[in-house]
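Guided by the hints, dock chain B onto chain A, whose structure is given.
Next come the chains, spelled out residue by residue.
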Amino acid sequence: MARRWFGTSDSARPLVAPVLLAFCALSATWRAGADEARVLPEADVLQAPESVTKVASYALEARLDETAHTIAGKGTLTWVNSSGVATSELYFHLYLNAFENAHTLFNRSPFTRARSGRMTRRWGKITLERLVARELGDVDLLPSLEAHSPGDPLDASDRRLPLPRPIAPGERLTIELSWTSVLPDIVERTGVSRDFHFAGQWFPKIARLEHDGTWAHFPFHPHAEFYSDFGDYDVTLDVPESMVVGASGRRVSEVVADGRLQLRQRAEGVHDFAWVAWPAFERREERIGDVDVHLLYPPGHALNAERTLDALRFGLPHFSERYGPYPHPDLTVVHPPEHAASAGGMEYPTLITTGGPWHQPYWSRAVELVTLHELGHQWFYGIIATNEHAWPFLDEGLNSYAETVAAEAMFGAGSAGRLGGLVLSATAFHRFGMRFGPHDAPLARPASEFVDFGELGGLVYSRTALLFRTIANVYGPDRLERALRRYALRYRFDHPGPDELLATLEEELGADATANLRASLFEGGTINYSVRDLRSVRRPEPAPVEGDGSSGAAASAPAHQPFESRVVIHRHGELRFPVQVVLLTANGERSVEHWDGVGRDSVFVHVGSSPVVSVQVDPENAIAIDENLLDNGRRVAPPTPVATWERALYAWQLLIGWLGT
Amino acid sequence: MNVWNPRMARAVVLAYLLRVALAALLAFPLAAAVGASGIRSLPGGDARLFEPGGLYLIELIQNEQALLLELLAPTLVLLLVGGLVRVVPDWVLLRALRRFEDEMPALSGLRLGATGRALARLALVTLALWIGRALLLLATLGLAMSVRSFTTGALDERLPTLAAGGAACLGVVGWIGLSAWHDLAALGVALDDASPLGAISGALGALRRRGVRLVAAYAAASVAALVLVAAAAALVEHIDVARGGDARVLGAALAHQLVVVAQLALRVAWLGSALGILAALQPRAEAEPLRPMQP
Numbered sequence: 041m042a043r044r045w046f047g048t049s050d051s052a053r054p055l056v057a058p059v060l061l062a063f064c065a066l067s068a069t070w071r072a073g074a075d076e077a078r079v080l081p082e083a084d085v086l087q088a089p090e091s092v093t094k095v096a097s098y099a100l101e102a103r104l105d106e107t108a109h110t111i112a113g114k115g116t117l118t119w120v121n122s123s124g125v126a127t128s129e130l131y132f133h134l135y136l137n138a139f140e141n142a143h144t145l146f147n148r149s150p151f152t153r154a155r156s157g158r159m160t161r162r163w164g165k166i167t168l169e170r171l172v173a174r175e176l177g178d179v180d181l182l183p184s185l186e187a188h189s190p191g192d193p194l195d196a197s198d199r200r201l202p203l204p205r206p207i208a209p210g211e212r213l214t215i216e217l218s219w220t221s222v223l224p225d226i227v228e229r230t231g232v233s234r235d236f237h238f239a240g241q242w243f244p245k246i247a248r249l250e251h252d253g254t255w256a257h258f259p260f261h262p263h264a265e266f267y268s269d270f271g272d273y274d275v276t277l278d279v280p281e282s283m284v285v286g287a288s289g290r291r292v293s294e295v296v297a298d299g300r301l302q303l304r305q306r307a308e309g310v311h312d313f314a315w316v317a318w319p320a321f322e323r324r325e326e327r328i329g330d331v332d333v334h335l336l337y338p339p340g341h342a343l344n345a346e347r348t349l350d351a352l353r354f355g356l357p358h359f360s361e362r363y364g365p366y367p368h369p370d371l372t373v374v375h376p377p378e379h380a381a382s383a384g385g386m387e388y389p390t391l392i393t394t395g396g397p398w399h400q401p402y403w404s405r406a407v408e409l410v411t412l413h414e415l416g417h418q419w420f421y422g423i424i425a426t427n428e429h430a431w432p433f434l435d436e437g438l439n440s441y442a443e444t445v446a447a448e449a450m451f452g453a454g455s456a457g458r459l460g461g462l463v464l465s466a467t468a469f470h471r472f473g474m475r476f477g478p479h480d481a482p483l484a485r486p487a488s489e490f491v492d493f494g495e496l497g498g499l500v501y502s503r504t505a506l507l508f509r510t511i512a513n514v515y516g517p518d519r520l521e522r523a524l525r526r527y528a529l530r531y532r533f534d535h536p537g538p539d540e541l542l543a544t545l546e547e548e549l550g551a552d553a554t555a556n557l558r559a560s561l562f563e564g565g566t567i568n569y570s571v572r573d574l575r576s577v578r579r580p581e582p583a584p585v586e587g588d589g590s591s592g593a594a595a596s597a598p599a600h601q602p603f604e605s606r607v608v609i610h611r612h613g614e615l616r617f618p619v620q621v622v623l624l625t626a627n628g629e630r631s632v633e634h635w636d637g638v639g640r641d642s643v644f645v646h647v648g649s650s651p652v653v654s655v656q657v658d659p660e661n662a663i664a665i666d667e668n669l670l671d672n673g674r675r676v677a678p679p680t681p682v683a684t685w686e687r688a689l690y691a692w693q694l695l696i697g698w699l700g701t
Numbered sequence: 005m006n007v008w009n010p011r012m013a014r015a016v017v018l019a020y021l022l023r024v025a026l027a028a029l030l031a032f033p034l035a036a037a038v039g040a041s042g043i044r045s046l047p048g049g050d051a052r053l054f055e056p057g058g059l060y061l062i063e064l065i066q067n068e069q070a071l072l073l074e075l076l077a078p079t080l081v082l083l084l085v086g087g088l089v090r091v092v093p094d095w096v097l098l099r100a101l102r103r104f105e106d107e108m109p110a111l112s113g114l115r116l117g118a119t120g121r122a123l124a125r126l127a128l129v130t131l132a133l134w135i136g137r138a139l140l141l142l143a144t145l146g147l148a149m150s151v152r153s154f155t156t157g158a159l160d161e162r163l164p165t166l167a168a169g170g171a172a173c174l175g176v177v178g179w180i181g182l183s184a185w186h187d188l189a190a191l192g193v194a195l196d197d198a199s200p201l202g203a204i205s206g207a208l209g210a211l212r213r214r215g216v217r218l219v220a221a222y223a224a225a226s227v228a229a230l231v232l233v234a235a236a237a238a239l240v241e242h243i244d245v246a247r248g249g250d251a252r253v254l255g256a257a258l259a260h261q262l263v264v265v266a267q268l269a270l271r272v273a274w275l276g277s278a279l280g281i282l283a284a285l286q287p288r289a290e291a292e293p294l295r296p297m298q299p
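Chains A and B, in that order, are what the protein sequence lines are. The numbering of the first sequence is the numbering used here, which starts it at 41 and goes up by one. The numbering of the second sequence is the numbering used here, which starts it at 5 and goes up by one.
These are calculated hints, taken from the structure and not from any lab test.
Here chain B is said to cover these stretches of chain A; the calculated rule only asks that three of the stretch's residues, wherever they fall, bring their Cβ under 8 Å from a Cβ of chain B:
1) 332-344
2) 467-479
3) 669-677
For each label pair, taking beta carbons as the anchor points, the in silico distance ranges come out as:
4) A:475 / B:201: 48 to 54 Å
5) B:66 / A:194: 37 to 43 Å
6) A:475 / B:248: 25 to 31 Å
7) A:547 / B:66: 32 to 38 Å
8) A:105 / B:215: 55 to 61 Å
9) A:234 / B:235: 41 to 47 Å
Every value quoted in this text rests on a predicted model; they were computed, and no experiment measured them. A virtual CB, placed ideally from N, CA and C, is assigned to each residue, including glycine.
Pulled out of the complex, with its shape left as it was, chain A reads as follows (with noise of 0.2 Å):
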């Protein structure tokens, strides 16, 4: 904006001076008005990766054994103690344990067993070896290691380790640690199958610690994802000469000796890494922006390929120019082999995995889907760390409304599918999704508390996009968009909640749309708007208007309209949301009425020349959560289906000749 001023002509600089003191007034107004708001940075002072506080990194090392489907792993976690208060006691999250047996908390039951569906063939676990803090003299902490899970004795995925002494706020303690992971067969994104090897969540990953001085700790439930703080990552992998790698962040040495491939990566600013290794991918460099991405593929998939950078060379300037710039310099992104599957549809930062069959029809959308989605979770997750424990909403639900908005500028109507006369849209697909779970319960809450993945998958991925699809449509795209680039910039780098969520919300949207929000998210509020009556009456002839003719009265009485129809709309659920209503008479006369959605009831009445004989509420299909389209109109003579008579018709003739030859 400086650059701007000092660049005006001899004429306009007379007006520069009041200009900017007003200028400046407007800001001092607003940021006055903004109260405890952060100040939204500009474009070109975003914060970048190398200037995130770093809280916890990582100096690793990392020895991979083929024929084990081990890893050999040390170095150093550098953390430093961010809250507010001194702390006696670090967690560790030891997630691969959670493969260690069948009576893990993961593993126990057999409805619950993630995406999947199934259980491990072959165990994994992760075995600390050395845990050694500098600052605290050096001590093996390895005993003090509390053995399980917090309250629970079958599980060791979430371990307190207790202290010496306390860690006071700001101090920091260098922590060597050496450890060896079994990696399981994969049925839940990490793991091995064949000599494909998939390293997520391998490492001892240290807890959040919140400003509060609580610890954002959890074991590996089979619903929920993962927490952490932002850091540094220094990764060298050990790893045979014959497999092609990929991994989160940079690539900055490449060293091949003695039939081992060394590879060191560095990733800045991010909270967790993933790697893979596999000796049969074929690779796609691409720089899209200033991203350099790198495509990891099974042989065959050549199309997919093609298909995912098509995502990719649309999704990164969608993305960065809604969100924010894209912030990191690499992004990898691996299809796995259809026998790893369970490795795809995955998040890490700067590295993404996708999947599906070889042979994905040129008529679905799939690939670019899970592309998109994946991708967007480079924002609603990678640079948004929300925790995804205790509100997966936050970061599923944001990005499922992400990617549908993403998938419909890419592809139109038919951002699910295409074949023939059926077009399908991913807002159609999350209407369909939203019923895999009970239709009044609440979409803000921990992912341990859902039922199955099934009511998850329902209600934060589908229910939560029609929410936000709804508030879109209802007050407006540009402003939701300008609310959700408001909450993005601000929590860029940073650990928000719902709270943070919403108040920066209400500042674009209103108390109303917040409202909204916050009834559905946390109590489970429904709304269903439908027609409860229409019926219409032939109004009496007024008597004729006595005079004795020359006043003109006469000639001057209104003409009689001598139909009255009414119109009864209502609104079940406990959500409020202005509606448009639309009225049809019989002789074609279209009205366009409004309801605010205050009350239960809302009725209209028509005067005019003809009934009305048929009426529509929300006629747009703004309200993308009603919770049925079908009770959205009514008509005093509903025809016959022939639309449906029609193809069914052909449908069956079709199929009686094809029975009999």
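Frame of chain A, contents of chain B only:
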């Protein structure tokens, strides 16, 4: 063999009308379920089911899921019954291939009895076709799964799918062969008054002698029919009934019914080709395979 004459044209029309009546009966439950769903109360009515995006289509399927599932089993039974009843319009077509008119009065007891027996035989031949297809399907699936698992360790993921696809192609060839055999057997029943077993073995014999030509003729008619279906689908997409108006529905109906009529015509053409191929097998001294019915 040119089988087109006014009698055949009347037969095609009658066969078409019988199929329409049968299909209308079968379509009734689904259309009634859609009608009861509330969609026709919306402005635009059930044309909204075909709107881009599929919002109302998905809504209807979800709202009426229980009803649609309940309808599934009886619909399948109706379909099978319909497939058997379908022999009636087929009989009309096949009889029109005879080179001469029947001498008996149309509604004489003898003629009706003979027709009844022929229809029963055709139904049995159709049942034999279904059993053959079911066995073929199982065999093809088994082969596809075997070759797929045999190649599943291949580095290139296309290989297992292509191998299974190869097995499926064999299945398609077998399907075409079975269908051609069925039609030849139906010809035997309709034109030679053969018993079901006699018609089946006669058809097998014909395939042994002229299998390639017969299968090729059948495949050509089938491919042409598929092309017509695809062309109609493209045309109907362009018509776009979702935009409303009876004219669009009428246009779609016209396109679809033309396809059905054309499929009947293609069937007649294939049967005519088959008769021509079979006639060429007959020695000149025995050039009359079609004998008139004896009173």
